[in-house]
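Enquirer: The lines below spell out each chain.
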Amino acid sequence: MKKTLKEIASLVGGEVLGNPRTVITNIRGIDEAGKGDLTFIANPRYLKKIETTRASAILVSPGTKGVNKNLVVVKDPYVSLGKILDLFYPEEHAPPKHAGLPYIEKGAVVSKDATIYPGVFIGEGAKVERGVILHPGVYVGRHVFIDENSILYPNVSVYRRCRIGKRVILHSGVVVGSDGFGFARPGRENIKIPQVGYVQIDDDVEVGANTTIDRGTLGKTWIQKGVKIDNLVQIAHNVVIGENSVIVAQVGISGSTKLGKSVIIGGQAGLVGHITIGDHVMIGAQSGVHEDVSPNQVVSGSPHMPHRKWLRVEACVSQLPEMRKTLASLLQRVKELEQALDSKS
Amino acid sequence: MKKTLKEIASLVGGEVLGNPRTVITNIRGIDEAGKGDLTFIANPRYLKKIETTRASAILVSPGTKGVNKNLVVVKDPYVSLGKILDLFYPEEHAPPKHAGLPYIEKGAVVSKDATIYPGVFIGEGAKVERGVILHPGVYVGRHVFIDENSILYPNVSVYRRCRIGKRVILHSGVVVGSDGFGFARPGRENIKIPQVGYVQIDDDVEVGANTTIDRGTLGKTWIQKGVKIDNLVQIAHNVVIGENSVIVAQVGISGSTKLGKSVIIGGQAGLVGHITIGDHVMIGAQSGVHEDVSPNQVVSGSPHMPHRKWLRVEACVSQLPEMRKTLASLLQRVKELEQALDSKS
Amino acid sequence: MKKTLKEIASLVGGEVLGNPRTVITNIRGIDEAGKGDLTFIANPRYLKKIETTRASAILVSPGTKGVNKNLVVVKDPYVSLGKILDLFYPEEHAPPKHAGLPYIEKGAVVSKDATIYPGVFIGEGAKVERGVILHPGVYVGRHVFIDENSILYPNVSVYRRCRIGKRVILHSGVVVGSDGFGFARPGRENIKIPQVGYVQIDDDVEVGANTTIDRGTLGKTWIQKGVKIDNLVQIAHNVVIGENSVIVAQVGISGSTKLGKSVIIGGQAGLVGHITIGDHVMIGAQSGVHEDVSPNQVVSGSPHMPHRKWLRVEACVSQLPEMRKTLASLLQRVKELEQALDSKS
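Residue numbers (my numbering), protein chains in the order written: chain A, 1 to 345; chain B, 1 to 345; chain C, 1 to 345.
Don't read these hints as lab results, they were simulated from the structure.
Keep in mind that the hints are not guaranteed to be accurate.
Chain copies aren't distinguished; within one or between two, either way the pair holds.
In silico lysine-lysine, DSS-like type, Cα no more than 27 Å apart, as pairs [as the list claims (entries may be wrong)]:
1. LYS325 to LYS309
2. LYS83 to LYS225
3. LYS48 to LYS83
4. LYS258 to LYS35
5. LYS192 to LYS3
6. LYS258 to LYS192
7. LYS325 to LYS335
8. LYS35 to LYS65
9. LYS192 to LYS261
10. LYS69 to LYS35
11. LYS166 to LYS83
12. LYS258 to LYS225
13. LYS106 to LYS166
14. LYS3 to LYS69
15. LYS225 to LYS192
16. LYS261 to LYS309
17. LYS35 to LYS3
18. LYS75 to LYS48
Go ahead and model the full structure; you've got the sequences and the hints to work with.
Expert: Written out as structure tokens, the structure is:
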């Protein structure tokens, strides 16, 4: 699709600063955007990237100034982004062209050396390579790619346009590519931001039962080679999990957080969004990680701290009632000392 | 169904105080109950409502006294309720009358302007309105109602009699209407209390992948207009989520808790049952909320406290080892002061 | 399958200490192993069991000494175990022999008094007894046994060889028998250890929506009679849950942990692996349990402590800012006292 900045500004009620005849062919995140792309700044954290992005135009809030770039100025860039995404990525839900057993839509390409059980659905434009096993009840959305020798256990759902590598194992109930949790004006109007990216899962990844991996808002949520994820884990939109990382059950990783290689996260830990975790970091079970962690650190606690410090802190926490008692007795003793000294002078 | 109090008392081995010929036609919670209804008091918290309920009769424990109402006195009201519910709501699991592709039972009404993929099951008495999209593997139980333009992604399950509004989105693996976790004598006999209510999801709600919403024990679990729920969230029986609230991934909300409008809950937080959260409350990630929160508050921590206080408390927690050291040195210094003063006198 | 120790050692590049002609017919855990079995020690915790095991041979690390048993010494016993398991339990994913509606593979035995909905898959060698109800989208793997009157709600997946008792209820999206999270050299090579055990669910168990129960690595994960498990709970490989225990939503129980009878665990609590929880223990919501708990205890907190102590500790935590203030003022007052006394002498 091609639209000029003028057409886009008119759709969202915005003002163009720069050349209104600039042609936009796609929408991308600020790091990936290049020629022909519109990007956006919805979070002030990313304002500094306005100078370095290679995007042809940027959707910004009023007051963004002194920039030698094409801008579309709107009241709420995130809300406007939603409208523009709807224009560029109209969602398709057309009924299947024909049905069989399993239900393979016309235009899907399935290797004759793949095993497809009854009750599987494979959408138009999907490609399933040799050696793949799709168990009963698996859903493969349109234009999904599943590479050689991967196994999808019963009732796995892979939404449209996601990409699964070689020798990947997805256990029952895994959901890959559901919409990220992106709403403008949360708690007020909750305006849905279309989630038009995808999920890329590289070779040799295994994902545990009922884990959920949301598609990118734009661009991809990316699970790199050799990563192992346990059951009931939540991976939000645009998260990146570096090679060989290990994520234990019930962990939650919020949007746009990036993990390095060989990160290990204990069960039920939670990570906020938009942070970076270095290579070889270890995060203790039930931790709450609220900011960047540099490589090779071991952290625990909620909020997290270095693991050794956390051990000392936890030892004190259980001593708190005794500490409070000591403090009260000291107060009394100091008061008495002060009186005694006072009476002497 | 119609039963007299005498018949009901005989079923559960109870004693009628009042008119044994009172006719009961339904069972309802103490707030909703009216003429013809039997209600119950299983939790002493609700004893004060015994005077104001409009129920025709109340199932109570021995020793409930001085009440000018029809009572059925039983040893364990919650266990007895289970037996009475089994009588009034016999569970049906009859095999389908006929099958097709998708499997639409006789007596289901599906708009010709709905899109129904292969592998969908729609039960008898269900109604699916125009513009609805049911993806492969979706299960629509008997007497379910799905209103216009809602989208159910692959492998969603909606149990019998639940109600889904307009423009609702349910992502893959969502379960709506599973039995609430209600057992009498937990840890001993674990007697199942039939969960015979339903779930009502209002217009414009979106629910993330693999989230579970249990049906009411009696009456409904209710997700109001515009609410957005992320992945892997647990909503227990008879919870109410007020309009436009936002619930982030992996939150758990226990039975009968009521949220006001525009409440925002951070990831992995947990709320105990039977509490009320006011409008516009914000609850921090990983919090544990154990009692009512009044409107417009921001709370954090487990157990929760005002967010500003929690920030101060957390700052101290990480200082605990230093505080303990200071305390030990003070103890020594005060001891020396006492000795010095003692030796002077 | 029969293999000599010599053949096994040659497969994994190990050295036999003892009789290389010893014949191995199966692999079992150290407690269950008997004549003809090979067992292993991957965790030093279990070294003390080397003398008492009845296994015919043991897979050990270099340096394990002074033992009058047949040993296979390898660099990394856990990695080697993986290879040996692959040999003894080759995984089958052959396509179904024929398909129908529902899809019942040849060689499955289904009672004529069971109700099987459309879209159900039942694998070869599975046995489904009378009174069982399998809702649409249920997957029953090969050689699974489902005993009388159990109900499996839509889209439940039961992997190969698992065993379900009488009157069991599995809610929508439950996964029984997915692979345990077992990888050698985590964070480095993440070598998958085949999970070749099974899950046994005894009579009268109920499991909530989207809960996951992993199969044993070897032997079984075991949910005993009368246990009730809520939604979105994670039960790892080789866990044992004792009779009548109650597990509330979003709890996570790590591998090989054993619970006694009538244990009650509050929502979102987490238990580490390889610990033992005694009969009648109660564990508070959001607790983190890191070591054995003896019978009849009530514990809370993360890390857990006796519940009464935890109440006192939590009361102090919220007082921390005041305690810190008091401490600072005491420091100043003691300093002044010291100066005053000093100036007097």
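Enquirer: If a hint holds in the structure, say so; if it doesn't, say that too.
Expert: Taking the hints in turn, this is what the structure says about them:
When the C-alpha separation of LYS325 and LYS309 is checked against a cutoff of 27 Å, the pair qualifies both within a copy, at 24 Å, and between copies, at 14 Å. Taking CA atoms no more than 27 Å apart as the test, LYS83 paired with LYS225 passes between copies only; the shortest distance there is 21 Å, against 35 Å inside one copy. Taking CA atoms no more than 27 Å apart as the test, LYS48 paired with LYS83 passes inside one copy only; the shortest distance there is 25 Å, against 52 Å between copies. For the homomeric pair LYS258 and LYS35, the shortest alpha-carbon distance inside one copy (25 Å) is at most 27 Å, but the shortest distance between copies (50 Å) is not.
Proximity of LYS192 and LYS3 under a CA criterion of 27 Å is satisfied intra-copy only: 22 Å inside one chain copy versus 49 Å between copies. Taking the closest pair of Cα atoms, LYS258 and LYS192 come within 27 Å of each other both inside a single copy (24 Å) and across two copies (24 Å). For the homomeric pair LYS325 and LYS335, the shortest alpha-carbon distances inside one copy (16 Å) and between copies (16 Å) are both at most 27 Å. For a Cα distance limit of 27 Å, the shortest separation of LYS35 from LYS65 inside one copy, 22 Å, qualifies, whereas the shortest one across copies, 67 Å, does not.
For a Cα distance limit of 27 Å, the shortest separation of LYS192 from LYS261 across copies, 18 Å, qualifies, whereas the shortest one inside one copy, 33 Å, does not. Within a single copy, LYS69 and LYS35 get their C-alpha atoms as close as 12 Å, which meets the 27 Å cut-off; across copies the closest is 70 Å, which misses it. Within a single copy, LYS166 and LYS83 get their C-alpha atoms only as close as 36 Å, which misses the 27 Å cut-off; across copies the closest is 20 Å, which meets it. Taking the shortest Cα distances, LYS258 and LYS225 sit within 27 Å of each other inside one copy (15 Å), while across copies they are farther apart (34 Å).
Taking identical chains as interchangeable, the C-alpha atoms of LYS106 and LYS166 lie at most 27 Å apart only when both belong to the same chain, with a minimum of 24 Å there against 31 Å between chains. Proximity of LYS3 and LYS69 under a CA criterion of 27 Å is satisfied intra-copy only: 18 Å inside one chain copy versus 72 Å between copies. In this homomeric assembly, LYS225 and LYS192 come within 27 Å of each other (Cα to Cα) only across copies, at 14 Å, whereas the closest approach inside a single copy is 32 Å. Taking CA atoms no more than 27 Å apart as the test, LYS261 paired with LYS309 passes inside one copy only; the shortest distance there is 24 Å, against 37 Å between copies.
Taking CA atoms no more than 27 Å apart as the test, LYS35 paired with LYS3 passes inside one copy only; the shortest distance there is 14 Å, against 64 Å between copies. In this assembly of identical chains, the alpha carbons of LYS75 and LYS48 lie at most 27 Å apart only when taken from the same copy (19 Å versus 51 Å across copies).
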